[in-house]
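Trainee: Chain order of the listed sequences is P and F. If you read the first sequence in the working numbering, its first letter stands for residue 1129, the second for the next number, and so on. If you read the second sequence in the working numbering, its first letter stands for residue 82, the second for the next number, and so on.
Simulated from the structure, these hints should not be mistaken for lab results. Don't take every hint at face value.
So these bits of chain P aren't anywhere near chain F, every CB distance computed over 12 Å [what the hints assert, rightly or not]: (1) ALA1199; (2) SER1202; (3) GLY1205; (4) ALA1208; (5) SER1219; (6) ALA1258; (7) ARG1273; (8) GLN1471.
The calculated label-pair distances, taken between Cβ atoms and stated as ranges, are [as the list claims (entries may be wrong)]: (9) GLN1471/P x ILE398/F: 32 to 38 Å; (10) GLY396/F x GLY1441/P: 38 to 44 Å; (11) VAL104/F x GLU1517/P: 54 to 60 Å; (12) LYS84/F x ARG1507/P: 51 to 57 Å; (13) ALA1465/P x CYS184/F: 51 to 57 Å; (14) ILE398/F x GLY1516/P: 41 to 47 Å; (15) ASN112/F x GLY1255/P: 55 to 61 Å; (16) VAL104/F x GLY1490/P: 54 to 60 Å; (17) THR1227/P x VAL264/F: 47 to 53 Å; (18) ASP1440/P x GLY396/F: 37 to 43 Å.
Just so you know, even glycine gets a beta-carbon here, dropped at the ideal spot from N, CA and C.
Chain by chain, the residues:
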Amino acid sequence: MANSPLLSARGVSKTYGAVVALSNASLDVASGEIIALMGANGAGKSTLVKILTGAITASSGEILIKGRKQAVRSPAGARAAGLVPVYQEPSLIPDLDVTDNLRLADTPVEAFRHWVNELGVQNLDMGETAHRLPLAIQRVLDLARALASEPDVLLLDEMTAALPTDMVDKVLEVVRKQKELDRSVIYISHRFPEISAVCDRANVLRDGETVGDVVIEPGVEERIVELMLGAPVKAAQKTVAEPASEERETTKTAPRLRVRELAAATKLTDVSFDLRAGEVLGVAGLEGQGQDELFEALAGMMRPSGGSVEIDGKAVEFNHPADAIAAGHVYVPGDRADALLAQRSVRENIAMPFHTKPRQWGLINMKAEKAKVDMAIDRLQIDTRAQGEVQRLSGGNQQKVTIARWIALGVRTLLCFDPTRGIDVRTKREIYPLLRELAGQGSSVLLYTSELEEIQLACDRAIVIFGGRVVGEFSAADADEPTLMRAAYGLSDASKTAKPEIGV
Amino acid sequence: MLKFIRSHYWNLGLCLILVALLVFTRIIQPNYGASGLESLSRAALPFAFATAAQAIVVIAGGIDLSIASMMAVASVTAAVLMDGASEQTAIFVVPFVLFVGVCMGAINGMLIVFTRVPDIVVTLAMLFVWEGVALMILHAPGGGAAEWLKGLLIGSVPIYGVPETITQFIPKSLILMIVCIGVVWLPFRRSRFGLSVYAIGSSSLAAFRSGVSVNRTKIAAYALAGLFAAFGGLVLTASTGIGAPIPGPYLLASVAAVVLGGVTLGGGRGGLVGPIIAVVILRLVRTDLALLSVDPNVTAIVEGTIMVVVVMAGGLIAVRTRHK
């Protein structure tokens, strides 16, 4: 490493009253280097990123930029110092068009267009209002905007979460290109394949402290996981359990959920499948192939325009999420913000569905409620140190609260939409067994995931949807990534449809 | 062309409503003409400035309940300074009053930013504070106004070479409104500052992350609102010839016109053209109902109904176009 790294953080800490968010983080980035910043839930990654980009100030420690001590006090200050972040959520101004968004941050338009092309977005209408663009495009534009300002150090926080696979490849290509331009990247991701594809080193945080700085080489993944967890762990194991044979027999007659030729809105055209009791069925697909509509229709949030849904052999029609919930048919949305009351406590968030009907509006039996809530918190091992407001929990713990709510209520069918998006490895590895356990107790789980390797880890079977139809069905044993990928692109034998267009 | 319609459908719709109302007025009152337009425009003028002030703050994601009180302060300041003074003194009074307006708005903005008390609470408190200040300056309606200032509002604009039969339909007060608002608004809309105001209203987190100084922008937006409120106060003094320390009905009217004009109360969307047309529509509805000798209480009910119906219709249109 060079004597004077481009960016160097030493002993950085941040405390909020008695809560220590970051105790002793250190990070060195030389020019032309791509560093992965890794850590489990609440390890302090987000805090470190916020400190580096000036969104908050550190309680102690020093940050050197090009060898000089520098206090970055605002995002604008970080930008001036050559540090440009791309955050997890899009940061384009929703009500301004693309051109105005560029003007606002004084971004050179030509450079922006260049990077937009490199990232594979064609026919971008610069006059389009940002909030009308698809989420994936907004994220890519965010990246292009950051690149256009020619930063010395680019910080990418979960850049590829929620991107379709082909866009992920483009992003990785562009990240690699920064190396040739002698610019540095700090790459935050939970996805090992991406990290081994682009990063030189990985900086690992645990409980607010930097615990390792390892060179990326084949087979380093387990070492990183060990560092993140603080103890040697077994590799993620395929937890597929054969459903008990007698169970299979009894459910042969009427599956828990039978969906036939379901259509809704414009994107969902014709989806049919059966979900048996005690089964985890995976759903895979590229962004925007109708999976959002499928889950919303099944959860009673959107009225289907055609087809039928049967539960235990009886046709049902949900006009309101309450109908679905009453049938034990519950939904965990992809965006946690859609499910949680951010300013309310963990207890209230979990207990919310207990008292939804007007005749339950009376006094709450606090003791009974607390017992149920505590059971759910205990079962999911939710970190309740900051339980006064759900918004202060880490992303992984928030996700657990969204699931805990339904476990406390009692669930027959769990509709889980991308539950592991943007959460850390440790929580991920708690979520798969939890889903298996629920299935083992006779519940059914429908799981959509944007990370294809999860299908084999958690599911018994998987269906792949493309263009609003089911284009393939696989047993877990066959559902490896390449197979699912081919099917997701509409390349399997079942469908001869052309490659989808992803653009604006 | 289609794109223009899509992005300006609200304003185009308001124009249609306005034209329809004018035709309707002409039908129920066949001799409604130049003088009718002139008095309509003059009546709408203070409302227009109040609305412009409110619109900017609402676009920035806030709300200002102290607008009518700031107008009262501006009105009495102008009336006291011009009382008995020469016509020339008034030339200095106008910029001074505008400056006072900017200061009042900036004080509102700074209180919101530095105390972190919600805008609705701060401006509610300032509603009382500015009203008290106005009463301290002038405890009963009084004072005076320069003749040339009064003259600015009355009559029509003569244009060289154009016969009076046409120019009589262009009231001076309308031109004054367009000029005052245009001089501030057009450069504003095209500046980084203007973009920043839209940005903080649309998403203050995204704006912060894009490097916008959210606090400074917010203070400046409130200051600009203060400027428009001062214009409104000056117009009040000029049209009545005296200063009135008790705030008029401009606060709720400004919120109504802003909403009707297509500015969302959450911030980030809308402009000034829509709210100004909305002001004229609301005034004209009042005139029409008066012409039809409808009970004034019913008039208020009709105004409220129009607001809900128009905003609902606008929402429906927005949903339709998004699904296409």
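Trainee: Evaluate each hint against the coordinates.
Mentor: Structure-based check of all given hints:
no.	hint	result
1	ALA1199	holds, 17 Å
2	SER1202	violated, 8 Å
3	GLY1205	violated, 9 Å
4	ALA1208	violated, 9 Å
5	SER1219	violated, 4 Å
6	ALA1258	violated, 9 Å
7	ARG1273	violated, 9 Å
8	GLN1471	holds, 14 Å
9	GLN1471/P x ILE398/F: 32 to 38 Å	holds, 33 Å
10	GLY396/F x GLY1441/P: 38 to 44 Å	holds, 41 Å
11	VAL104/F x GLU1517/P: 54 to 60 Å	holds, 56 Å
12	LYS84/F x ARG1507/P: 51 to 57 Å	holds, 54 Å
13	ALA1465/P x CYS184/F: 51 to 57 Å	violated, 40 Å
14	ILE398/F x GLY1516/P: 41 to 47 Å	holds, 43 Å
15	ASN112/F x GLY1255/P: 55 to 61 Å	violated, 47 Å
16	VAL104/F x GLY1490/P: 54 to 60 Å	holds, 57 Å
17	THR1227/P x VAL264/F: 47 to 53 Å	violated, 25 Å
18	ASP1440/P x GLY396/F: 37 to 43 Å	holds, 40 Å
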